[in-house]
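Trainee: Okay, here's what each chain looks like letter by letter:
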Amino acid sequence: MLFNSYEFIFVFLPIVLFGFYAIGSKSHHRTAIAWLVGASLFFYGWWNPAYLSIMLISMLFNYAVGTVLSGKDKSKLLLISSIVINLGALAYYKYFNFFIDNLNSLASTNFNVEKIFLPLAISFFTFQQIAYLVDTYRGETREYNFLSYCLFVTFFPQLIAGPIVHHREMLPQFAKDSLYKLSYRHLIIGLTIFTLGFFKKAVLADGTSDYVSSTFTLAETSAQITFFAAWAGSFCYALQLYFDFSGYSDMAIGLARMFGIILPMNFNSPYKSLSITAFWRSWHMTLSRFLRDYLYIPLGGNRKGKTRQLINLMLTMVLGGLWHGAGWNFALWGFLHGAFLVLHNIWIRLAQHWHLKLNILFAWWLTFSVVLFAWVPFRAETLDGTFNLWRGMLGINGFFLPKWMAKYASNSGSWFSEHHIAFVGIFHQLGPVKFIDILWFVVLAFIIFYMPNTQQFMQRYRPVFELSKMYKVDISKISWRPTLAWSFMISFLFVYATLSLTRISEFLYFQF
Amino acid sequence: MNRHFFIYGSRFIIFSAFLLFVSCLFCYYIDPFSVYGRVYMKNGVEVNSPGFTKQLRMGKAIGIMQRKPEVLIMGSSRSAFGFSSQVTKDYFSGQKVYNGSLSATNIYEVLRYFQHSVALSPLKQVFIGLDFYQFHGQISSPKNFREERLAVDVNNQPSGNKVNDSLATLLSGDALFYSIKVATGLCNWDDIYLINGFKERDDRGGSLNSFIKSEKAYIDKTYTIPEFTFRTSDDKKNTFDYFRQIIQLAHEKRIELHFFISPSHARQWEVIGQLGLWDKWEYWKREMLNITQQEAQPYSQSAFLIHDFSGYSTYSTEMVPRIDEMRMHWYSDSSHYKQALGDIILGHIINNTSEESFGRILSTQNINDHLQLIRADREQYRHSHEQGTADIKKLIDVRNEY
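Chains as they are written, first to last, in numbering that gives the first Met the number 0: chain A, 0 to 511; chain B, 0 to 401.
The following block holds chain A by itself, in its conformation from the complex:
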């Protein structure tokens, strides 16, 4: 069931909320938790009931191992074996086909393996549970009951695409008595955050999809994408992905808040970043946090010398790329970001040494440009498509310029054609581009680059954990409050988004 669907918003959610508070208000806390677990399993099973068994087995296994690890006999062997089993399951479902395909092409073998379908959200619930096991082994967890553990893993707002939550953030919240009593405050704050995310997803993100698909579909053909079309395609995709994923995260955060649960921040205006390091501190923040705590630091982090730190960075990013999907494109995306981070790290050292400082505008432009460049393999279907678009972005495929400029070039026609320059309209390859569409993208760009983000609007009411990480802006005059004006505005956004539901498209992040 999609968050942005009629059945979820008008049937599932009201029933689950009502049931939870009806049960919880009568002090049947365990039953209320069981109700939420049941609802979450139903939500998960809606797509494919067969996936349920995989998640249930994973949950039982990890809870059992966690129980043993939390006892007196802390066996490192058990921890390692359980992590290997978790990663083995993930590798089987997510990477086995990829592995066999590559083996066949490299070794000219002919292994024929049936297509293994990826259980939804396996990357998310596997990672959350590995973190739980590691922390249990370290003695950093309390003893949690099975029901609470189940809710930690299955809690439907964050189950499918995060934010990736940490047991330290979640499990203590389930233990609070106040959680089970209906709070209009939580309900309304949650509803508002949900609506902002819903609008971002259903209206802003889905409104860009046509241009994105036309560019990336064209990239997979023999057509040579020219300079402006290539950059425009990547820019549209950057907008689409941001509104889609951050909108989804807002919806998840809002939904959890309706049940009184606060989730961690996942996006913090990443496209405003002035460096690639800052970008990774504000894009999919819970994944970055996980990779830092459970991969980068265990690899040695920055404790084993400068060179080793850069290697660790690169390794973390390549594996982070592969976490998103089994494909060379994702590895390439991770590698690129690893390389950018390494370069930035080197730059920081040089800048400190030579007292250099980049112009802010240039720093922003450079960061955003390399992010756009790197989004290409993330979205393209194949490496060929990626290279086609990259050639376009680098100007190798030529330039299409506005038709009206042709009159200035009439005397040098052959020079222009030799240099692959034609006056057919800059977005000629993307089909007819209407003025209203350009205006739409300008509005989206304005929202991304200048407007406060959801957390900033909601900052008075602690929308997420780790608010201190938020960019500091003084928007106290326009920040959200339960006023008449805001109620009308949020209602309007809700209705607008609801009316946009007919073009239902799945969240881009579901495949991860």
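Check each hint, because a few of them may be wrong.
Claimed, not checked - Between beta-carbon pairs, the in silico distance windows are:
#1 B:Phe25 with A:Glu113: 47 to 53 Å
#2 A:Met488 with B:Ser140: 37 to 43 Å
#3 A:Trp403 with B:Phe91: 49 to 55 Å
#4 A:Arg291 with B:Ser140: 43 to 49 Å
To be verified - Straight-line alpha carbon distances no greater than 30 Å define the calculated DSS-like cross-link-like pairs of lysine-lysine that follow:
#5 A:Lys433 with B:Lys392
#6 B:Lys236 with A:Lys114
#7 B:Lys215 with A:Lys406
#8 B:Lys142 with A:Lys93
#9 B:Lys235 with A:Lys114
#10 B:Lys180 with A:Lys433
#11 B:Lys212 with A:Lys433
#12 B:Lys212 with B:Lys142
#13 A:Lys406 with B:Lys212
#14 B:Lys95 with A:Lys433
#15 A:Lys406 with B:Lys220
#16 A:Lys114 with B:Lys142
#17 B:Lys392 with B:Lys279
#18 A:Lys93 with B:Lys235
#19 A:Lys406 with B:Lys180
#20 B:Lys212 with B:Lys235
#21 B:Lys220 with A:Lys402
#22 B:Lys41 with B:Lys53
#23 A:Lys402 with B:Lys279
#24 B:Lys284 with B:Lys180
#25 B:Lys95 with B:Lys41
#26 B:Lys279 with B:Lys212
#27 B:Lys215 with A:Lys433
#28 B:Lys41 with B:Lys284
#29 B:Lys393 with A:Lys402
#30 B:Lys53 with B:Lys88
#31 B:Lys212 with A:Lys402
Keep in mind the hints are simulated off the structure, nothing from the lab.
Only a predicted model underlies this, so the values are computations on that prediction, with no experimental measurement involved.
From the three backbone atoms N, C-alpha and C, an ideal C-beta is built for every residue, glycine too.
Given chain A, work out where chain B should sit, using these hints.
Mentor: What follows is chain B alone, placed relative to chain A:
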């Protein structure tokens, strides 16, 4: 403090519910996609709302369900635009006629709408316009084609998972947008369909500009991206399999099926030729003929006939005016024929007649000669229409360059 939130929440719910309710009511009253039975009148003729044109696949699926035709015309936009409602009704007086043709359709969609119609209507005769591009296996159905909307699945079993279009037509931004446009008169009433699925009129285009625009689309995309193949994108099927399924179902249900290859303009065949697709084009005709013959045998029925209106005739070689103010009589562009020509070809199909080089009924006996004749006619056309041939070459060169 909690009280503030309670009041805010109450306002939110009341205001949202009110807006949604009013929007829903308004869309139902205006019926912008003509799915709730509201009929508009234009010049004394019953027509669908202009929004119907934008949601053609939904509108025609529902139209077939509501009108339960006995005679059905199917195919692409060529068949959608090319027949006049009045003349067709005259041919089939007393019978319910519906034009279920869809723009930019492929043969799979034709099959699916045929199955849908068979499941819902007392069909007696079906006329299917065949176009080469419909058999390009890599062309996927448009986004607004939805399997679940149709009465049966591809195996012709009742589809349990029916799409409820009520939400899309009452509670959607598109519905509200079109309702407002219809109510305020801002929509385009020139491009509308009659309530029996026919296009109201076809006086658009018919100049060199419209020809070039259409040919460019075929050259840049339809025939070439991706490379033309009869294999479907999952490589599991052949588009002729869908054609075969149509024939099997018609034999099974004893529906009289008439195929015709659309009479596009000679410049369209020049596009196919210069793109190097001529052999595939000929193979396409041969294969369709084979399939009609093969599939008739198990049912001990006569093979369905294919009238070939493609090729070179006095109609298809009509001069394309290079002056924009002039308009052609038979063609809107090199792909679409006008209703004047559609009425003639319908007469030929119904009466099993043909003119020389126009509407020949394909048979295993004449197919080789027929194709040879078209090849020879093409050579002649290229000599006599050098400028038209050069137009096409230029479009292809531009495409190859970029």
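Trainee: Look at each hint and say if it fits the structure.
Mentor: Here is what the structure says about each hint:
1. Taking the beta carbon of each, phenylalanine 25 of chain B and glutamate 113 of chain A are about 51 Å apart, inside 47 to 53 Å as hinted.
2. Look at methionine 488 of chain A against serine 140 of chain B: about 39 Å separates their beta carbons, and that is inside 37 to 43 Å.
3. Between tryptophan 403 of chain A and phenylalanine 91 of chain B the C-beta distance comes to about 53 Å, which sits within the given range of 49 to 55 Å.
4. Distance hint check: the CB atoms of arginine 291 of chain A and serine 140 of chain B are about 45 Å apart, consistent with the given range 43 to 49 Å.
5. In summary, the hint linking lysine 433 of chain A to lysine 392 of chain B is supported, as the alpha carbons are separated by about 29 Å, within the 30 Å threshold.
6. Of the pairs offered as hints, the one joining lysine 236 of chain B and lysine 114 of chain A holds, with about 19 Å between alpha carbons and a cut-off of 30 Å not exceeded.
7. Under the criterion of a C-alpha separation no larger than 30 Å, the hint pairing lysine 215 of chain B with lysine 406 of chain A is consistent with the structure, at around 23 Å.
8. As the CA atoms of lysine 142 of chain B and lysine 93 of chain A are separated by approximately 29 Å, the hinted pair is consistent with the 30 Å bound.
9. Only pairs whose Cα atoms come within 30 Å are accepted, and lysine 235 of chain B paired with lysine 114 of chain A is accepted, the gap being roughly 15 Å.
10. For the hint pairing lysine 180 of chain B with lysine 433 of chain A, the CA-to-CA distance comes to about 19 Å; that is within 30 Å, so the pair holds.
11. Proximity of lysine 212 of chain B to lysine 433 of chain A is assessed by CA-CA distance (about 18 Å); at most 30 Å being required, the pair is judged to hold.
12. At most 30 Å may separate the alpha-carbon atoms for a hinted pair to count; lysine 212 of chain B and lysine 142 of chain B meet this at roughly 23 Å.
13. For the suggested pair lysine 406 of chain A and lysine 212 of chain B, the alpha carbons sit about 23 Å apart, so the restraint of at most 30 Å is met.
14. Distance hint between lysine 95 of chain B and lysine 433 of chain A is unfulfilled; the C-alpha atoms sit about 41 Å from each other, more than 30 Å.
15. A C-alpha spacing of about 28 Å is found between lysine 406 of chain A and lysine 220 of chain B, which places the hinted pair at or below 30 Å, so the restraint holds.
16. A threshold of 30 Å between alpha carbons decides the hint, and for lysine 114 of chain A with lysine 142 of chain B the separation of about 26 Å falls inside it, so the pair holds.
17. Distance hint between lysine 392 of chain B and lysine 279 of chain B is fulfilled; the C-alpha atoms sit about 19 Å from each other, no more than 30 Å.
18. Between lysine 93 of chain A and lysine 235 of chain B the alpha-carbon distance is near 24 Å, which keeps this suggested pair within the 30 Å criterion.
19. Taking the CA atoms of lysine 406 of chain A and lysine 180 of chain B, the gap is near 39 Å; set against the 30 Å cutoff, the hint is violated.
20. The hinted pair formed by lysine 212 of chain B and lysine 235 of chain B fails the criterion: a straight-line CA distance of about 34 Å is larger than 30 Å.
21. As the CA atoms of lysine 220 of chain B and lysine 402 of chain A are separated by approximately 21 Å, the hinted pair is consistent with the 30 Å bound.
22. Between lysine 41 of chain B and lysine 53 of chain B, the direct Cα distance comes to roughly 18 Å. Compliance with the 30 Å bound is thereby established for this hinted pair.
23. This hinted pair does not check out: lysine 402 of chain A and lysine 279 of chain B have alpha carbons roughly 36 Å apart, beyond 30 Å.
24. For the proposed pair lysine 284 of chain B and lysine 180 of chain B, the alpha carbon gap of about 44 Å is over 30 Å, so the pair is violated.
25. Simply put, lysine 95 of chain B and lysine 41 of chain B have alpha-carbon atoms about 21 Å apart, close enough for the 30 Å limit, and the pair holds.
26. Restraint check for lysine 279 of chain B and lysine 212 of chain B: satisfied, since their Cα atoms lie roughly 24 Å apart, inside the 30 Å limit.
27. Our distance criterion of 30 Å between C-alpha atoms is met by lysine 215 of chain B and lysine 433 of chain A, whose separation comes to about 19 Å.
28. Straight-line distance between C-alpha atoms of lysine 41 of chain B and lysine 284 of chain B comes to about 41 Å, which puts the hinted pair past the 30 Å bound.
29. Simply put, lysine 393 of chain B and lysine 402 of chain A have alpha-carbon atoms about 18 Å apart, close enough for the 30 Å limit, and the pair holds.
30. For the hint linking lysine 53 of chain B to lysine 88 of chain B, the alpha-carbon distance of about 25 Å falls within 30 Å, and the restraint holds.
31. The hinted pair formed by lysine 212 of chain B and lysine 402 of chain A meets the criterion: a straight-line CA distance of about 17 Å does not exceed 30 Å.
Taken one by one, the earlier hints fail for this structure at numbers 14, 19, 20, 23, 24, 28, listed in ascending order.
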